[in-house]
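S.K.: Sequence:
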Amino acid sequence: MAVAANQYLFPVMLLGEDATDFTTIEMRVVEDLWTQFRFQEGFAPRSVRHPDTFDFVAFNAARQAWQEENIIIAATAFADGKDIAKREAEEGESSGTGTTSTSSDVKASTA
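The sequence shown lines up with residues 1200 to 1310 when you count with this note's numbering.
By construction, these hints were calculated from the structure, which means they are not laboratory data.
Do not take every clue at face value.
[Claimed, not checked] Listed next, the in silico SDA-like pairs over lysine to any residue satisfying Cα-Cα at most 20 Å (straight line): (1) K1285 to T1275; (2) K1285 to A1273; (3) K1281 to I1270; (4) K1281 to G1291; (5) K1281 to E1292; (6) K1285 to A1274; (7) K1281 to I1271; (8) K1281 to S1293.
[To be verified] Just the calculated beta-carbon pair ranges, DEER-fashion: (9) D1251 to E1287: 51 to 59 Å; (10) K1281 to V1256: 35 to 43 Å; (11) R1286 to D1251: 52 to 60 Å; (12) Q1263 to E1216: 18 to 26 Å; (13) D1220 to K1281: 35 to 43 Å; (14) Q1239 to K1281: 33 to 41 Å; (15) N1259 to S1293: 48 to 56 Å.
Heads up, the beta-carbon is just placed ideally off N, CA and C, and yes, glycines get one too.
With these hints in hand, go ahead and build the complete structure from the sequences.
M.R.: Written out as structure tokens, the structure reads:
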């Protein structure tokens, strides 16, 4: 979960222009990263671009807080999906048709 919880955070945290605000980035920068699958020309992390003012402790605290929040969100979404799949499987069995979804996602989530 930690890897998934970080995949959307790091572009914002790494590519922003401000040495101390890790929460703001131009939408264009993120769009370019996800559509071109590469960092912008001349990319360097904030710590390299702002060596005298970059605060590693603040950066790690912000990253950890975001990651913890995203882990909770991801775990909740996963649990909700499992509940929905289980309910749908039970409804299929109780309807008398005796059939349930053959989706591997449903099978894995109800296992």
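S.K.: Going straight from one Cα to the other, do K1281 and I1270 come out at no more than 20 Å?
M.R.: holds, 16 Å
S.K.: 35 to 43 Å was suggested as the range; check whether the CB atoms of D1220 and K1281 agree with it.
M.R.: Given a distance of about 37 Å, which is inside 35 to 43 Å, the answer is holds.
S.K.: Using the Cβ atoms, figure out if K1281 sits within 35 to 43 Å of V1256.
M.R.: Holds, at about 38 Å.
S.K.: Given the hinted pair K1281 and S1293, is their Cα-Cα distance within 20 Å?
M.R.: At roughly 18 Å apart (the allowed maximum being 20 Å), S1293 and K1281 satisfy the hint.
S.K.: That 33 to 41 Å hint for Q1239 and K1281 (C-beta), does it hold up?
M.R.: holds, 39 Å
S.K.: Between the beta carbons of D1251 and E1287, is the distance compatible with 51 to 59 Å?
M.R.: holds, 57 Å
S.K.: K1285 and T1275: Cα distance at most 20 Å?
M.R.: holds, 15 Å
S.K.: Decide if the proposed pair is consistent with the structure: K1281 and I1271, CA atoms, cutoff 20 Å inclusive.
M.R.: Holds - the C-alpha atoms of I1271 and K1281 are around 15 Å apart, at most 20 Å.
S.K.: If you check the beta carbons of N1259 and S1293, does the distance land in 48 to 56 Å?
M.R.: holds, 50 Å
S.K.: Does the structure keep K1281 and E1292 at a Cα separation of 20 Å or less?
M.R.: Holds, at roughly 17 Å.
S.K.: If you check the beta carbons of R1286 and D1251, does the distance land in 52 to 60 Å?
M.R.: holds, 56 Å
S.K.: When you take the CB atoms of Q1263 and E1216, is the distance between them in 18 to 26 Å?
M.R.: holds, 22 Å
In this structure, none of the earlier numbered hints is contradicted; all agree with it.
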